[in-house]
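Listed in order, the protein sequences are those of chains A and B. Anchor point for the first sequence: position 259 equals 259 in UniProt numbering, and the numbering is continuous, going up by one each time. Anchor point for the second sequence: position 158 equals 158 in UniProt numbering, and the numbering is continuous, going up by one each time.
Hint data in this document are derived by calculation from the structure and do not stem from the laboratory. Don't take each hint at face value.
As the list claims (entries may be wrong) - Example chain A residues on the side facing chain B (calculated, C-beta under 10 Å, incomplete):
(1) D75
(2) K79
(3) N101
(4) S102
(5) K107
(6) A268
(7) S294
(8) G298
(9) V300
(10) E302
(11) E303
(12) I304
(13) E307
Said to hold, decoys possible - Subject to a maximum C-alpha distance of 35 Å in a straight line, what follows is the list of computed DSBU-like cross-link-like pairs (lysine-lysine):
(14) B/K94 to A/K258
(15) B/K79 to A/K258
(16) B/K90 to A/K259
(17) B/K277 to A/K94
(18) B/K7 to A/K259
(19) A/K7 to B/K281
(20) B/K312 to A/K94
(21) B/K281 to A/K79
(22) A/K71 to B/K258
(23) B/K258 to A/K90
(24) B/K259 to A/K288
(25) B/K79 to A/K335
(26) A/K9 to B/K258
(27) A/K258 to B/K90
(28) B/K71 to A/K196
(29) B/K203 to A/K19
(30) A/K288 to A/K277
(31) A/K281 to B/K90
(32) A/K259 to A/K24
(33) A/K79 to B/K335
(34) B/K281 to A/K71
(35) A/K79 to B/K259
Since we're looking at a predicted model, the values are computed, not measured. Heads up, the beta-carbon is just placed ideally off N, CA and C, and yes, glycines get one too.
2 protein chains.
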Amino acid sequence: MKVICSKEKLLEGINIVQKAVSTKSTMQILEGILLKAGNNFKLTGNDLEIGIECTIEADIRREGSIVINSKMLGDIVRKLPESEILIEVKDNGKVIIECENSHFEIKGIPSEGYPELQMIENENMFVSTQNILRDMIRQTIFAVGFDDNRPVLKGILIESNGKELDFVAIDGFRMAQRRRVSEEEFSLIKVIVPGKTMNEIVKILQPEDEEMKIISSKNHVLFDLNNVKILSRIIEGEYLDYKSIIPSDYDTEVIVEKKEFLSSLERASLISNEEKKYPLKFDIEDEKIILSSSTELGTVREEIRVEMTGRKMEIGFNPRYFIEALKAIDEERIKIVFTSEIGPSTIFPISGEEFAYMVLPVRMNKDT
Amino acid sequence: MKVICSKEKLLEGINIVQKAVSTKSTMQILEGILLKAGNNFKLTGNDLEIGIECTIEADIRREGSIVINSKMLGDIVRKLPESEILIEVKDNGKVIIECENSHFEIKGIPSEGYPELQMIENENMFVSTQNILRDMIRQTIFAVGFDDNRPVLKGILIESNGKELDFVAIDGFRMAQRRRVSEEEFSLIKVIVPGKTMNEIVKILQPEDEEMKIISSKNHVLFDLNNVKILSRIIEGEYLDYKSIIPSDYDTEVIVEKKEFLSSLERASLISNEEKKYPLKFDIEDEKIILSSSTELGTVREEIRVEMTGRKMEIGFNPRYFIEALKAIDEERIKIVFTSEIGPSTIFPISGEEFAYMVLPVRMNKDT
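Isolated chain A (complex conformation):
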């Protein structure tokens, strides 16, 4: 193999595929990046859960392929001058990396054992833009579960009925749902993608309008950008019926300035001790919410003006669940509906159905 490419493009590619390289695999070859020069020059990282392939512009002088330790390759390329880089594999398997007056010669690993990505056919597909997909992941991922006994909850459900596309995450105590309604028809899809994959994808996606495809097969889902393809295994099993979780009826509704409410929640949570799980009390009454908490660290009281309809209510929550939901919301004013002292509460947009965040309350001791 012998290729010449710009430092800039090469580093861009390395930074992307490194997100799929495992740093402590039992298989040394998986700690490497596959470089493959054929019709094009392609980098691949793969930890068997998620694989990322990136095609970069290059002048291919001789075809071939090699695996190079990912950290070593990244460290070297990052430090090279902004210039053309030559990468050449010698007959003895050594790899020469050359740029201006710098000359490296490092060990390569033969590419034969490297698990290349098996691309999947267009079984179920829909098209989105990078920025929309990015928002939809960002606005749900925090509610992904961690419980190994409930593996389906460790992923984000992507579901579409052809008109509406939903991203959903549920951890057992709360739910985050983000919906996109489209003018065009697209194909039906229903797939649970591991939270870990989504976390890496959200780092790769750019806030751009560029189109990308999401294609699912029986065992895999492929996120297909122009030069970058991300292939992930999917989580098998039946997801919860999330549509039935959101109560259609409620006793109290408030409309609140999101930013102000978020600041008050953040301050109020300073007094609680996350490990000990003190609830934060919401007193909803007379066009205001009073947040209060009393722990061994001290007491706090916060007052927020709201628009209110329905009855007064006194209800306890884990403040972190509200804080994480509010941080994910871009709207300035939001609606919160409370069903009862023990039933779920839900955060909605003032109008439309772009998102829904559901939180279960915490039982309060009578003396708090």
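Could you slot chain B onto chain A? The hints should help.
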């Protein structure tokens, strides 16, 4: 105690004095900040090695003092709105912190046991500006030693003969010396300040022309800015005679572009393995330096153009020592002089005597 002050000023003060608060002291009171309202409003942090006192503008309604857990106070004030903050100590020792619609009530610790800073008299004093002192610390601190058996080397020597002010750090393998020559006479001073103190001071100093005083007594040194006073214990003992360390004679001199040389050194050091201490070979010849290294990870070769006088030389170094010295230097072109294959090398400015960095070579195996 009852005071009202702006969030901005209070937070500024907390951020400064927190640098002297120990986070895991066996004395609970030392994990707190002393708030003292008298003629002025003063915050103090003190871990008994270094103490910082900061005076902030405030409306003092009732005099008094209290100690509040530093992390708790910082977290609360950071999250409060940009507005006026009331701090009031109640008769039961509880502290009320109030700002707009936020109301906190937390435990305070009586201030009686808190070790207030003992300010020292003007025994030996010199005056500098913040930015010069900041540079002098930054340009020497990396060479401070860590060896408990040589405690004097764990500090920076501050020495002045009345005309020249020197900051010096030596760790046994290298030396960093930064000199400032002044037009005015100032008093003689010779004091070893712990590296830890210097690390905190450099974070507090601003790149500003504002004057500050440095005052030393038998056991302490005081850095006196306008509203901030930093008091540190000093290290006792006799410092090395650093002036005799720099060789006056040498065999080879090169003049080199600092930035280019630094990049080459950084790349060349990627192949070495810091733990195994492979030396980096310098081949100095024919108006160039060739850096090379060969380890189990691979080989590297870097070539740098230099202006050269004297004989050819082949000499090995720990590249980190050169890298850290070059990073501290602001000059674009520098002079490096090599005494011999086994003697110290020194980095100087092209002219003047503003700094000197001395590095000892490493013996090389004949087969590298």
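Each hint, compared with the structure:
{"no.": "1", "hint": "D75", "verdict": "holds (5 Å)"}
{"no.": "2", "hint": "K79", "verdict": "holds (5 Å)"}
{"no.": "3", "hint": "N101", "verdict": "holds (4 Å)"}
{"no.": "4", "hint": "S102", "verdict": "holds (5 Å)"}
{"no.": "5", "hint": "K107", "verdict": "holds (6 Å)"}
{"no.": "6", "hint": "A268", "verdict": "holds (8 Å)"}
{"no.": "7", "hint": "S294", "verdict": "holds (9 Å)"}
{"no.": "8", "hint": "G298", "verdict": "holds (3 Å)"}
{"no.": "9", "hint": "V300", "verdict": "holds (5 Å)"}
{"no.": "10", "hint": "E302", "verdict": "holds (5 Å)"}
{"no.": "11", "hint": "E303", "verdict": "holds (4 Å)"}
{"no.": "12", "hint": "I304", "verdict": "holds (7 Å)"}
{"no.": "13", "hint": "E307", "verdict": "violated (17 Å)"}
{"no.": "14", "hint": "B/K94 to A/K258", "verdict": "holds (32 Å)"}
{"no.": "15", "hint": "B/K79 to A/K258", "verdict": "holds (16 Å)"}
{"no.": "16", "hint": "B/K90 to A/K259", "verdict": "holds (32 Å)"}
{"no.": "17", "hint": "B/K277 to A/K94", "verdict": "holds (23 Å)"}
{"no.": "18", "hint": "B/K7 to A/K259", "verdict": "holds (19 Å)"}
{"no.": "19", "hint": "A/K7 to B/K281", "verdict": "holds (26 Å)"}
{"no.": "20", "hint": "B/K312 to A/K94", "verdict": "holds (31 Å)"}
{"no.": "21", "hint": "B/K281 to A/K79", "verdict": "holds (19 Å)"}
{"no.": "22", "hint": "A/K71 to B/K258", "verdict": "holds (27 Å)"}
{"no.": "23", "hint": "B/K258 to A/K90", "verdict": "holds (34 Å)"}
{"no.": "24", "hint": "B/K259 to A/K288", "verdict": "violated (60 Å)"}
{"no.": "25", "hint": "B/K79 to A/K335", "verdict": "holds (24 Å)"}
{"no.": "26", "hint": "A/K9 to B/K258", "verdict": "holds (27 Å)"}
{"no.": "27", "hint": "A/K258 to B/K90", "verdict": "holds (34 Å)"}
{"no.": "28", "hint": "B/K71 to A/K196", "verdict": "holds (32 Å)"}
{"no.": "29", "hint": "B/K203 to A/K19", "verdict": "holds (34 Å)"}
{"no.": "30", "hint": "A/K288 to A/K277", "verdict": "holds (25 Å)"}
{"no.": "31", "hint": "A/K281 to B/K90", "verdict": "holds (25 Å)"}
{"no.": "32", "hint": "A/K259 to A/K24", "verdict": "violated (41 Å)"}
{"no.": "33", "hint": "A/K79 to B/K335", "verdict": "holds (24 Å)"}
{"no.": "34", "hint": "B/K281 to A/K71", "verdict": "holds (24 Å)"}
{"no.": "35", "hint": "A/K79 to B/K259", "verdict": "holds (13 Å)"}
The earlier numbered hints that this structure contradicts are 13, 24 and 32.
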